[in-house]
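Q: Residue numbers (the working numbering), protein chains in the order written: chain X, 1 to 340; chain Z, 1 to 340; chain R, 1 to 340; chain S, 1 to 340.
Quick caveat, the hints were computed from the structure, so don't treat them as lab data.
Just to be clear, a hint being listed does not mean it is correct.
Said to hold, decoys possible - Pairs of lysine to aspartate or glutamate residues, derived as EDC-like cross-links and limited to a Cα-Cα distance of at most 16 Å, are as follows: (1) Z:K225 <-> R:D126; (2) R:K225 <-> Z:E153; (3) X:K225 <-> S:D126; (4) S:K225 <-> X:D81; (5) R:K225 <-> Z:D126.
Protein chains: 4
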Amino acid sequence: MNFLSDTTAPAHPDLLAAMGAANDGFAPSYGADPVSARVRDRLKDLFETDLEVLFTVSGTASNALALSVLAEPDSMILCHDEAHIQRDERGAPEFFTGGAKLLPLHGAHAKIAPDALTQALAEWPDDFVHATPPQVLSISQLNESGGAYTRDELDALIGPAKEAGLRIHMDGARFSNALAALGCTPAEMSWKRGVDALCLGATKNGALAAEAVILFPTVMDRFGKLQARQKRAGHMLPKMRYVAAQFDAWLKDGLWLDLARAANASGRRLADGLATLPGCELAHPCDGNEVFIRLSPEVAERLQALGAGFYAWPDGSARFVASWCTTDAEIDAVLKAAKG
Amino acid sequence: MNFLSDTTAPAHPDLLAAMGAANDGFAPSYGADPVSARVRDRLKDLFETDLEVLFTVSGTASNALALSVLAEPDSMILCHDEAHIQRDERGAPEFFTGGAKLLPLHGAHAKIAPDALTQALAEWPDDFVHATPPQVLSISQLNESGGAYTRDELDALIGPAKEAGLRIHMDGARFSNALAALGCTPAEMSWKRGVDALCLGATKNGALAAEAVILFPTVMDRFGKLQARQKRAGHMLPKMRYVAAQFDAWLKDGLWLDLARAANASGRRLADGLATLPGCELAHPCDGNEVFIRLSPEVAERLQALGAGFYAWPDGSARFVASWCTTDAEIDAVLKAAKG
Amino acid sequence: MNFLSDTTAPAHPDLLAAMGAANDGFAPSYGADPVSARVRDRLKDLFETDLEVLFTVSGTASNALALSVLAEPDSMILCHDEAHIQRDERGAPEFFTGGAKLLPLHGAHAKIAPDALTQALAEWPDDFVHATPPQVLSISQLNESGGAYTRDELDALIGPAKEAGLRIHMDGARFSNALAALGCTPAEMSWKRGVDALCLGATKNGALAAEAVILFPTVMDRFGKLQARQKRAGHMLPKMRYVAAQFDAWLKDGLWLDLARAANASGRRLADGLATLPGCELAHPCDGNEVFIRLSPEVAERLQALGAGFYAWPDGSARFVASWCTTDAEIDAVLKAAKG
Amino acid sequence: MNFLSDTTAPAHPDLLAAMGAANDGFAPSYGADPVSARVRDRLKDLFETDLEVLFTVSGTASNALALSVLAEPDSMILCHDEAHIQRDERGAPEFFTGGAKLLPLHGAHAKIAPDALTQALAEWPDDFVHATPPQVLSISQLNESGGAYTRDELDALIGPAKEAGLRIHMDGARFSNALAALGCTPAEMSWKRGVDALCLGATKNGALAAEAVILFPTVMDRFGKLQARQKRAGHMLPKMRYVAAQFDAWLKDGLWLDLARAANASGRRLADGLATLPGCELAHPCDGNEVFIRLSPEVAERLQALGAGFYAWPDGSARFVASWCTTDAEIDAVLKAAKG
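Chain X extracted, bound-state conformation:
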């Protein structure tokens, strides 16, 4: 039992099997292999559009690489104050962009408030040589409080940002969980909303280490530059076929969404069960597989005694993350222990 993070979970066996299958004889290096080509086609089908894609092995790498082709060194990236790119990547965006500035915006439940965005756009002119011009809006979907922006909420942010000439980056480390939550198509949650570059994560949802940077047609002309940055950052793996193989299995027959739905359902059961206990209440709406809940001291103590594996979050809540392999029995055990 472990709710610390979906990165402590193992990989789904289908992905390991696909790596084994890809381990057959010689294959071209650096992404020119047939498995990589197949995944590219799968993604075009799933996203119903032309696109360019490259693979990495961490979400931090994907975000930083994507931002490095969207934002110039002397420009600014707008994001939520709690965004992973702001809080949890040790300055990777600043490093990869050559010094771009991140402007943290406020908003409840880790969702950027539209007012905060429009105020920032008003305060930071894009034609004043002394000021750092905003060039990118970065949105996390799921976000850092486990919430999914609805399509309307995305429109309310992306609309004004696009009008101001910004490009849109989506940190989709838990894109599949958000997709399962919203029940819409991948296209409807990305380029149809105005997203230019999507970082699509599989690692937190069943992969060993598989992340993708997807450039939609609006920025596909930057793909050559993106590949150069990938190489220069040491993220162009010689034997890329093994990363591609993970995506191949993950996307096949809807496995990615099955796993996301399972994780979300576990999150929901856990949230519902804990939120009914006296002195406990959800800190944020639970849209996906993450539960942020304020626990009574008694409940917190019981769950620690059980070894349930969760984090004390900076906002005072406890964070539980369900994964694709969380079982009902594990949740039952947690809820039983919580009740005392």
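Since the structure of chain X is already known, use the hints to place chains Z, R and S on it.
A: For chains Z, R and S alone, kept in the frame of chain X given last:
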């Protein structure tokens, strides 16, 4: 049949099996898992010293990360003109160090000439504010012409460099092949020669994607900084256990050296066989698994017709790389075809 | 008449005369000249301490150079949301530090609120590899709303910052104005408060182009690194004597404070005169030579008709900046026009 | 008497006088002043073309800023092995470009050998993601051995470079001396030869601190980016009028060329006088105001005893630099002492 590069070869099945074995339940993220700890212990045993180690998934990442904690942004790294860090990493060392300068040195067969080193040290003062001071000597072992520096050759370079206050980086993408070639211990080819940081590569010799940056005691105090740089560069994988597992199997019971010896032996057979043909001669001594040979037009044509898979090298030779899984039958076929 | 900025004002004739006097025959380059040495001695006397100093020609350069030896590339600099380093330097701190992150803090009248500082220190751990550790607190004195931190206010910020291990940078583009406002010694407003590095500006107060980066004893060991960064940034002027000559005249016989007092007095007269008009009120306390005032539409119109030269500030106020050469007659003219 | 460098010389009085004249009342900041506009017009006239220009206070800043808009972070700059940008700028080009690589080329007398250039272009492909593509050829005029490339020599380098798609940067720290040497027009030595960006230096030839980055029409569209980089590097001086004023006087009525001719004539007299002495011979042709000469031990000793002020150069010669204010009497004294 494919001699284009050892990165086109598949992975050894033991490594895939170890990844499968590691895929058992939950494990701490970011390198805090038990497999990573076990590999650290294995390396201490094999290198007969205390050390710090972290894992990456590409040789470029390893080299650039190591150099970033050895060289300051306004300093200089000395390396051979043909070094991978100079020629084949798209400026990764410049990127990770924040702008350090690489000074290319000459020398036959991709070995830095001791004279070239001492001249560079004389020309570039370390106390003149206008000039960029040398801080690192980087040596590739095997080097880019497939040669292994002997221990004496290493001493002839590292001695003066250390005297001038430089730190020593070894690019060991094919360290195991060099070790098999020299027949000495890992310690004798690294820290006992004065190497401060070693990039130890497994990918070219049987792994899927597994590289290690090893800091020996002289620079172990920089490990915290190295980890921060690893995170900031997106190279701290959430599920690090799968990289560690590859190393675990690779180092177990001497597999790494068995594979290196096999690849070297294939290289030797190929070199010996081709070099006897009329109009063909080795461009560089063949110490490991790489063969650089000038082919007569007839032989070149026959091998292309066979689809042998080799590169036309910038120096006019043809490069063949044998891998851990190259078979005698494949080499026989090449030699037979070459003879016409 | 021009209240747009103290950078639109001419230089004091004494400084031009000193440059002429320095233009006598040959002199060593790059700051090794006797005038530079004399200024160093003057500063040691004035600040009552040992120190290291180098000269630049812009406040942005001084701030960025100072920060580059105080903050590592993967660290964080805390400053007010309206700080010049955050708002008006086009990302120079990010550029010079190699990608450090600026965390904007809130507080009324451009003064960092102590609560905002302690909250930031609590939220950003310095030992978590994923998060960017705070290493520097930057304080502007005068600040961007024309206010001077009192000594107690400085203590309330610097105390907790030092306790958390941060180093203290003071942006003193208008240090002399703040000094005149507080009526204390240079030492009492800098190193005796815990300031490690001071950017002392003369350009806004009578110089042509003369700024100094002063390292106090706590960080004097970084002077060699600072010089290297100065050279690398193109800020080590070949004929440095002409910048030093400006400082020499500026600091001589208290000229710098005389000029600051004159500018402050002009600011005070302007503030007092405008604030009594109906519908007009000061947006921020006027401690030095800058006046931020909300004008009634009638007054604003009259002053524009006069061509008084002021800026509409983002917060809705009008900014007037008095300089060392602002005359009483100019202020009388403004006040008379404002009254209609 | 001082032949150490033209940067140890004082400024021409006309330039100081022009600064005094510019010190009249208020003027717009950051280069929007009328003097700056007048210089821009002067340069358009002199260079017989449209152009963009900005001012800096050091040659290192000019070179690095110009290169930062010509070369991308993951590209390569070709220059002579002894070029100032390679040897004497503490890595400023790497810093400003965000990590571009400098490839040092060989050639006698600090002139890039055309063969070395074409070989480099052949060795470094521009479409191979692993290799760093050449984007800029940088030429020093005068070069670091005091030589002036003839127009034919410039064509022999710039032709192949342009054909390979490179942009051309000219380090003209001593452009005026080269112009006086060749006796051609500014246009014939710059954009008519294919130069895209020229760093025009006045500091070594009579200014206090005045350098210009000139973008010719081929790259004028990068001027906005150049200004942003200038600001971000702290090189956009608040009171830019004082730098512009220096250029204004320097370019007026051909003063710049008069000063260059005087310095060159002094260099020539010194070279001719010393070269006739037994055991002395010029190390490089003397085209401008710099003399590189191998001295007999006796002559060297006599000149040191005189305190003539010269440098022992790394190539074993002695470097004497004449300036605009070197007098015939000073040279007579040197020659007399040299003869013993």
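Q: For each hint, tell me whether it holds in the structure or not.
A: Verification of the supplied hints:
Proposed proximity of K225 (chain Z) and D126 (chain R) is supported: the alpha carbons are some 13 Å apart, at most 16 Å. Of the pairs offered as hints, the one joining K225 (chain R) and E153 (chain Z) is violated, with about 34 Å between alpha carbons and a cut-off of 16 Å exceeded. For a cut-off of 16 Å, the pair hint linking K225 (chain X) to D126 (chain S) stands: about 13 Å separates their Cα positions. About 29 Å separates the Cα atoms of K225 (chain S) and D81 (chain X), which puts this hinted pair outside 16 Å; it is violated.
Under the criterion of a C-alpha separation no larger than 16 Å, the hint pairing K225 (chain R) with D126 (chain Z) is consistent with the structure, at around 12 Å.
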